[in-house]
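Numbering (the numbering used here), first residue to last: 1 to 554.
One or more hints might be untrue.
Pairwise CB distance ranges (calculated) [unchecked claim]:
1) Lys393 x Ala103: 47 to 57 Å
2) Leu196 x Arg388: 30 to 40 Å
3) Ser397 x Arg451: 24 to 34 Å
4) Ala14 x Pro104: 47 to 57 Å
5) Leu396 x Asp33: 12 to 22 Å
6) Leu431 x Val391: 20 to 30 Å
7) Ala437 x Ala322: 23 to 33 Å
8) Arg116 x Pro383: 49 to 59 Å
9) Ala322 x Pro287: 17 to 27 Å
10) Ala437 x Trp203: 44 to 54 Å
11) Ala14 x Trp282: 26 to 36 Å
12) Arg449 x Arg211: 51 to 61 Å
13) Ala135 x Trp282: 15 to 25 Å
Simulated crosslink set (SDA-like; lysine to any residue; CA at most 25 Å straight-line) [what the hints assert, rightly or not]:
14) Lys393 x Thr532
15) Lys424 x Gly442
16) Lys125 x Leu204
17) Lys393 x Lys125
18) Lys125 x Trp283
19) Lys393 x Glu288
20) Lys125 x Val273
The set of hints was computed from the structure by calculation and includes no laboratory data.
Ideal Cβ placement from N, Cα and C applies to all residues, glycine included.
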Amino acid sequence: MYVNLPPLLFLGPAVGAVIVYLFLRLQVWSKPDAQSIASHGLWVGIIGWMASSLQGAMNAGILRVNPVGASAPSTPEQIAGALGWPILACLAVHALGQLSYPAPKAPRRYAELTVRRIRDFLPRKLAWTTAAIFAGSALVIAWIATLPGHTPVLPTPPGQAPPLGSVYPDNGYMGQGQEGRIPGWELASWLGGALLVLAVGTWLTLVLIARRRQLETLDGEDNRTIRAIATNRLLRTVATIAAGLAAIAGNFAAQPSPGALWQSSWFNVLGLVNMVVLLVMWWWRVPELPSLLRVAKTTSAATLRADPRTHPAARLSISLGAALGVVGGLTLAAGYAAILFPPRPPAVWAFPVLTGVVVLLLLAAIAAGELLVDRNYGTSDAPLHWPRQPVSKGLLSFAIGSAMVLAVAVAFAAAAEVQPFGPKAWPAAVLVSVVVALVGAGAILAVRRRRGIPETGGNAGLDAALRAISMYRIVRTLAAYCLGQAATLLISTGNAWYGVFPPAPGPDPLGPSPAVPIGMVLAIMALLVAVTPVRSLFRTIPRGRAAKQGEPAQ
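Taking the hints into account, I'd like the entire structure generated from these sequences.
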């Protein structure tokens, strides 16, 4: 079957690929040490997971009764886009992750005599689990190829005789219609092709992982582990996509056929299996670099808190970070649950205000922690030590990109809400954003002007380390706010997509609005960013010398 795709359709993904490559490259550009490379791998996994969402294709092949309402991909162009872009985007992100590693710069390069093979880095249990999921998805897709299609049943107007064979007599009310579906072999061909592309792309990406050059900043053990980490993240993501393809097939098969006994609801068993696979892959353990694992045993939060040589100000900062992560994560999760599953339709301005209140509380807690450190441990005669690099280039670039995403979301919401009596969420979002920016600037000023901590007794560098941790938390919170606020705007104004982008004429004029899925992805990213700990900065916290008999601990 012929699919007509406009050339400009590829411009957005191309620009997105360039942005992802530059962001990943920036992670390991300035300081390609083990910690930066581990952070780079983590972001590859996060971005690849976000790009792999098949939410827009869950109703693929379903023919809606009312084409003006919620639509579903049913034409070849719609199905190809809904299935193809997430798969290609996920594979492209993992490939860009390998291509964005720094090239060797040393005058001498050390070659390995052994040939690197895929099975040398392939986790056995995860590989067999992924293969089983692919095989199960292939069987489900082959099964739906035998299912027939049927046309939608239109609603019966009042006073009109019910369809022939119906057991429900005319009661004077509008009869309910029933959705149809395309022939099963047609959807199976698209799903099978998508599964084949996913399998081939996974194999090619594994080949790229195995044949990539060694990173000269890592030793041999770390180089082998970083390949195992990349393979682990890739297989977990593609296994979830394969289970998602089976869930799409299950939703298609669960649609009831037209008949005398009309069914208004059904249950997709394969959709539940997809959720189980998603949770299992989320909790599947990721290997850790041996060099970082050795450091983490001595610089973890629990170790620093229990060590009597750790300065009380450092313990306060560590405890504050744990509280910020728990409170912020739970509050934001509850807020987004209220957005996605509201008990009653609240005012649209309530969502931006809720997001802003959460972030204002987090910023106020960070500033309050600085005031406590200043009051309890700061002295006027101690010199103020400002960190050489308060915020890493990667985090700063991510925060700037998040602010640009929020600006685009505000512009979309303002352009979409042009109706004189329609709900307007963007004025509240702009006002709250200004307040958040001012409070964030105040928190940064509190960190900057806090009195110094005496660095006696082996605590040299403590003051700068605590300031760097606080700056990281402030910038991280602001970046999470920008993504979360953009998510609330897109989700609350998702139906206004067609006010900005009018639908094209056709049998199915209103395709699925991409604003809501994009908003959901941004909401998940905001949650991940909000609870990302500062483990890498714990190594900068110095250990004071052990207190002698009769001498108070530092």
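Is 24 to 34 Å respected by the C-beta to C-beta distance linking Ser397 and Arg451?
Hint holds: Cβ distance 31 Å, inside 24 to 34 Å.
Given the hint of 15 to 25 Å, check if Ala135 and Trp282 actually sit that far apart at their C-beta atoms.
holds (22 Å)
Between the beta carbons of Ala14 and Trp282, is the distance compatible with 26 to 36 Å?
holds (30 Å)
Against the 25 Å threshold, does the CA-CA distance of Lys424 and Gly442 hold or violate the hint?
Judged against 25 Å, a Cα distance of about 29 Å means the pair is violated.
Given the range 47 to 57 Å, decide if the beta-carbon distance of Lys393 to Ala103 lies inside it.
Violated - the Cβ-Cβ distance for Lys393 and Ala103, about 19 Å, lies outside 47 to 57 Å.
Just to be sure I understand the hint, the distance between the Cβ atoms of Leu396 and Asp33 should be within 12 to 22 Å; is that true here?
holds (18 Å)
Is it true that the CA of Lys393 sits at most 25 Å from the CA of Lys125?
Outside the cut-off at roughly 37 Å; violated.
Assessment of proposed distance window 51 to 61 Å (beta carbons of Arg449, Arg211)
holds (52 Å)
Taking only the CA atoms, is the gap from Lys393 to Glu288 under or equal to 25 Å?
With a Cα-Cα distance of about 23 Å, the restraint between Lys393 and Glu288 holds, given a limit of 25 Å.
Return holds or violated for the Cβ distance of Arg116 and Pro383 against the range 49 to 59 Å.
holds (51 Å)
Does the Cβ pair Ala322, Pro287 satisfy 17 to 27 Å?
Between Ala322 and Pro287, where Cβ atoms are some 25 Å apart, the hint holds.
Indicate whether the distance between the beta carbons of Ala437 and Ala322 respects the range 23 to 33 Å.
holds (26 Å)
Checked against the numbered hints above, the structure breaks hints 1, 2, 4, 15, 17 and satisfies the rest.
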